[in-house]
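Peer 1: Chain by chain, the residues:
Protein chains: 4
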Amino acid sequence: MSAAEEFSNYPPEVREEIARTRQVVSDLHAELPRNGLVVWTAGNVSQRVRIPAELGGAADGSADLLVIKPSGVSYDELSPEKMVVCDLDGTMIHESPHKPSSDTAAHAYTYKHLPHVGGVVHTHSTYATAWAARGEAVPCVLTMMADEFGGPIPVGPFAIIGDDSIGRGIVETLSGSRSPAVLMANHGPFTIGKDARAAVKAAVMCEEVARAVHVSRQLGDPLPIEQKHIDSLYDRYQNVYGQK
Amino acid sequence: MSAAEEFSNYPPEVREEIARTRQVVSDLHAELPRNGLVVWTAGNVSQRVRIPAELGGAADGSADLLVIKPSGVSYDELSPEKMVVCDLDGTMIHESPHKPSSDTAAHAYTYKHLPHVGGVVHTHSTYATAWAARGEAVPCVLTMMADEFGGPIPVGPFAIIGDDSIGRGIVETLSGSRSPAVLMANHGPFTIGKDARAAVKAAVMCEEVARAVHVSRQLGDPLPIEQKHIDSLYDRYQNVYGQK
Amino acid sequence: MSAAEEFSNYPPEVREEIARTRQVVSDLHAELPRNGLVVWTAGNVSQRVRIPAELGGAADGSADLLVIKPSGVSYDELSPEKMVVCDLDGTMIHESPHKPSSDTAAHAYTYKHLPHVGGVVHTHSTYATAWAARGEAVPCVLTMMADEFGGPIPVGPFAIIGDDSIGRGIVETLSGSRSPAVLMANHGPFTIGKDARAAVKAAVMCEEVARAVHVSRQLGDPLPIEQKHIDSLYDRYQNVYGQK
Amino acid sequence: MSAAEEFSNYPPEVREEIARTRQVVSDLHAELPRNGLVVWTAGNVSQRVRIPAELGGAADGSADLLVIKPSGVSYDELSPEKMVVCDLDGTMIHESPHKPSSDTAAHAYTYKHLPHVGGVVHTHSTYATAWAARGEAVPCVLTMMADEFGGPIPVGPFAIIGDDSIGRGIVETLSGSRSPAVLMANHGPFTIGKDARAAVKAAVMCEEVARAVHVSRQLGDPLPIEQKHIDSLYDRYQNVYGQK
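Chains as they are written, first to last, in UniProt numbering: chain Y, 1 to 244; chain H, 1 to 244; chain D, 1 to 244; chain S, 1 to 244.
Just so you know, these hints were derived from the structure itself, not from any lab. Only a predicted model underlies this, so the values are computations on that prediction, with no experimental measurement involved. Honestly, I wouldn't trust all of these hints.
Calculated cross-link-like contacts (lysine-lysine; reagent style DSBU-like; alpha-carbon spacing at most 30 Å) [claimed, not checked]:
no.: 1; chain 1: H; residue 1: 99; chain 2: S; residue 2: 99
no.: 2; chain 1: H; residue 1: 99; chain 2: Y; residue 2: 99
no.: 3; chain 1: Y; residue 1: 99; chain 2: Y; residue 2: 228
no.: 4; chain 1: D; residue 1: 99; chain 2: Y; residue 2: 228
no.: 5; chain 1: H; residue 1: 228; chain 2: Y; residue 2: 99
no.: 6; chain 1: Y; residue 1: 82; chain 2: Y; residue 2: 194
no.: 7; chain 1: D; residue 1: 228; chain 2: D; residue 2: 194
no.: 8; chain 1: D; residue 1: 99; chain 2: D; residue 2: 82
no.: 9; chain 1: Y; residue 1: 194; chain 2: D; residue 2: 194
no.: 10; chain 1: S; residue 1: 99; chain 2: S; residue 2: 82
no.: 11; chain 1: Y; residue 1: 194; chain 2: D; residue 2: 228
no.: 12; chain 1: S; residue 1: 99; chain 2: S; residue 2: 228
no.: 13; chain 1: H; residue 1: 82; chain 2: S; residue 2: 194
no.: 14; chain 1: Y; residue 1: 82; chain 2: Y; residue 2: 99
no.: 15; chain 1: H; residue 1: 82; chain 2: H; residue 2: 99
no.: 16; chain 1: S; residue 1: 99; chain 2: D; residue 2: 194
no.: 17; chain 1: H; residue 1: 194; chain 2: H; residue 2: 228
no.: 18; chain 1: S; residue 1: 82; chain 2: H; residue 2: 99
no.: 19; chain 1: D; residue 1: 194; chain 2: D; residue 2: 82
no.: 20; chain 1: Y; residue 1: 82; chain 2: H; residue 2: 194
no.: 21; chain 1: S; residue 1: 228; chain 2: S; residue 2: 194
no.: 22; chain 1: S; residue 1: 99; chain 2: D; residue 2: 228
no.: 23; chain 1: D; residue 1: 194; chain 2: S; residue 2: 194
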């Protein structure tokens with residue numbers, strides 16, 4: 001069954017967007033082991049498939065879809081057609097030999113309640129997870145942290161799989177922060193972005209600053225950065241950095 | 001001499017299973033350096049060859065065989081035909097230019113006394129070995145630890161090569177624990193699984209959680225996870241996670 | 001438009017030197033991820049294009065050019081023609097779809113005020129950045145540090161992007177030191193050299209000694225090295241080491 | 001000039017042995033970056049060329065030669081014909097565009113005074129160098145340390161390049177120890193072996209145990225191993241381990 005046939009109750013434009021998104025999500029998973037963020041089958045990347053109102057979508061994005069990694073499959077064996085497609089309740093909308101990631105409910109909840117979010121990443125990257133295990137936010141003591149996170153990386157509540165509690169913890173914590181990353185207590189980081197690539201970048205940067213600030217703190221207290229400087233760095237980076 | 005001729009006192013089904021297992025064990029060794037668990041020739045993977053009663057095996061598995069790495073051979077030079085086949089007393093049952101790993105007695109003892117175990121892995125991975133050197137169990141403060149280990153990773157006794165003492169220490173420690181990993185004091189981790197692949201996964205996860213909890217502890221005390229949450233996470237992961 | 005046409009108001013010798021320098025700078029960027037100094041698009045290498053007086057240059061080097069990485073482009077996608085060429089006020093002197101690195105002003109200021117400098121590198125390498133976050137110089141307690149740095153690696157002031165303050169901090173700090181590396185507070189290392197390759201080497205060595213001294217300090221106080229020995233090691237290494 | 005012509009005052013058997021040793025030493029250098037022991041051009045491997053008395057050698061080995069890395073050449077650019085050949089006073093015995101490693105005098109002194117030594121390796125590997133910077137021996141608290149080193153890894157004196165002091169420090173420290181590795185204070189490890197391969201293995205193991213014991217010590221005191229157990233492990237490993 002081709003991807004087009006597989007989603008035959010969606011118009012061709014949506015089916016094409018699903019196919020394109022499965023390729024993107026499959027490819028981006030390679031960045032997680034490459035950047036040392038995951039071991040074995042841990043970690044997952046997802047991306048929203050936006051469905052415009054004229055193609056049957058909802059104005060608030062609640063009828064959008066998400067594409068995510070299958071559960072427990074190794075990074076070497078991923079391919080676009082193995083990526084799983086779910087609605088924003090986390091229910092799989094096609095037949096597949098693969099179940100979606102066990103973290104799908106948390107991704108779906110995030111897309112449903114944060115319409116501007118186009119990508120979500122979850123890892124157990126070592127240093128971010130170490131801060132999460134202490135339930136301690138990473139303080140903003142590096143200019144590159146001010147650039148990317150605009151302040152500390154906050155901690156979310158302890159929550160276990162089985163209901164909405166992880167998703168709610170992510171959404172509530174990130175709603176009160178500039179940071180695209182949240183450290184779920186005793187668990188690990190979740191990151192968001194305008195698309196999956198931006199969320200992967202945030203996951204990479206989150207681990208790097210968690211590590212550098214950890215190392216710095218091992219031998220003393222890092223110097224604080226004044227709030228006005230954090231604001232200025234964040235503003236410039238979000239608006240000026242990179243190519244148009 | 002072909003593998004079939006080599007084990008001519010076994011029926012063809014067993015000879016085929018030996019050949020298949022040698023391939024699996026040879027291939028899985030590549031995961032140890034790839035995941036940073038070993039240096040030089042250290043570390044070894046083995047897998048049980050089950051011999052059903054109708055093919056001359058024993059009901060309690062005591063007539064089974066094991067396939068293990070040759071001693072002191074570098075990871076680059078491993079191949080299926082170099083893998084050594086032993087009985088569960090650790091005695092080599094074929095002619096070969098290669099001696100079995102010097103840890104074979106510990107693997108054999110484990111298979112003999114834990115009939116459900118199908119794979120065993122031993123490494124000196126850095127962080128797990130560091131906990132082992134202090135004789136300190138890794139506390140269960142991460143959700144991924146609750147998933148995979150169902151509680152702390154326990155410490156086994158100090159024991160030296162030369163008699164059954166390493167094997168006994170592994171079996172006694174693991175018999176009283178959900179954990180598929182034990183940290184032998186001053187030595188390093190041994191892990192078990194339903195097959196060699198599962199034992200390799202446990203070795204990878206053991207090092208990762210030993211590292212993340214170490215890092216977390218360097219700057220304070222990780223938050224404990226309530227026992228009921230550990231139980232719930234362990235139960236879900238063992239029964240629901242991954243593909244069928 | 002070829003590189004030659006692109007810079008048609010410069011004589012052919014300068015245009016060839018620009019082309020050669022773009023190749024060198026593009027290639028050297030591969031050393032940053034290879035040596036673990038950067039994640040994602042962070043970090044940048046530049047090299048001076050010297051313009052002799054007879055080809056229209058200035059005696060004090062102030063009419064020279066610099067070649068630098070484009071802003072926010074990933075390491076995999078770099079190529080010579082994407083390298084950006086600026087004057088020593090940091091102004092781009094050609095049309096290009098790429099903007100220069102957001103650190104260009106700091107590089108340009110350094111070339112303008114330190115005429116002997118032929119290459120500049122900036123990274124956020126983890127251990128160097130950790131010292132920078134505490135505002136603490138790396139003490140000279142290793143012979144390889146005496147060789148390469150001739151003393152401690154000094155700390156520069158906190159400075160934010162937007163004016164000359166980073167460049168001034170670099171130049172003032174390095175002017176009073178033998179070290180080719182400065183740790184800008186809360187930010188990260190900048191290194192200099194006679195060309196870009198030498199500055200990359202200094203960036204690699206800076207991270208390595210920051211890491212080794214950090215690790216040493218974690219369990220006690222490193223032994224000091226007497227100043228006369230530091231002087232002797234530095235002198236030998238600068239004058240005798242390596243091939244002619 | 002071919003290798004055979006290059007050393008025309010030596011008999012053909014010695015010229016062949018020189019050629020073979022240059023290949024071995026060139027190849028083994030790849031193990032240093034591969035095992036994370038070196039950055040940039042740091043580190044070097046050498047091997048003795050034994051000249052039997054009947055071919056013009058001396059009974060005490062003092063007329064032997066050594067083959068070593070050229071100074072300041074990057075690991076990517078090494079090849080057999082770039083390896084430098086010296087006598088045991090450290091004097092180069094052939095014409096070459098390459099100077100020998102700046103550590104050649106220390107290697108030569110070691111071969112001259114320890115006739116059983118066939119290979120020497122020097123690195124600045126991070127954790128071993130960190131212990132060396134504190135002038136602190138690595139205590140023997142791991143079974144794999146007892147296996148390979150037979151006790152603690154000792155510290156040698158602070159010594160600078162320019163006379164025999166590094167070589168003397170190595171020889172005096174190792175003469176009183178089972179260990180094939182010595183940590184030269186504020187400098188880094190030197191290791192020895194029956195050939196260059198064995199010395200490389202000792203360098204790899206030295207860094208690994210320096211790292212594991214460091215990590216263990218960060219959170220408490222490792223358990224001591226009784227001397228009788230150290231002796232027993234060392235004896236077995238030296239005499240039984242590995243293939244014949």
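Peer 1: Next step is simple, just say for each hint if it's right about the structure.
Peer 2: Here's how the hints hold up against the structure:
no.	hint	result
1	H:99 with S:99	violated (44 Å)
2	H:99 with Y:99	violated (44 Å)
3	Y:99 with Y:228	violated (47 Å)
4	D:99 with Y:228	holds (26 Å)
5	H:228 with Y:99	holds (26 Å)
6	Y:82 with Y:194	holds (23 Å)
7	D:228 with D:194	holds (26 Å)
8	D:99 with D:82	holds (9 Å)
9	Y:194 with D:194	violated (42 Å)
10	S:99 with S:82	holds (9 Å)
11	Y:194 with D:228	violated (57 Å)
12	S:99 with S:228	violated (47 Å)
13	H:82 with S:194	holds (26 Å)
14	Y:82 with Y:99	holds (10 Å)
15	H:82 with H:99	holds (9 Å)
16	S:99 with D:194	holds (22 Å)
17	H:194 with H:228	holds (26 Å)
18	S:82 with H:99	violated (38 Å)
19	D:194 with D:82	holds (23 Å)
20	Y:82 with H:194	holds (26 Å)
21	S:228 with S:194	holds (26 Å)
22	S:99 with D:228	holds (26 Å)
23	D:194 with S:194	violated (42 Å)
Hint compliance for this structure: hints 1, 2, 3, 9, 11, 12, 18, 23 are not met, and every other hint is.
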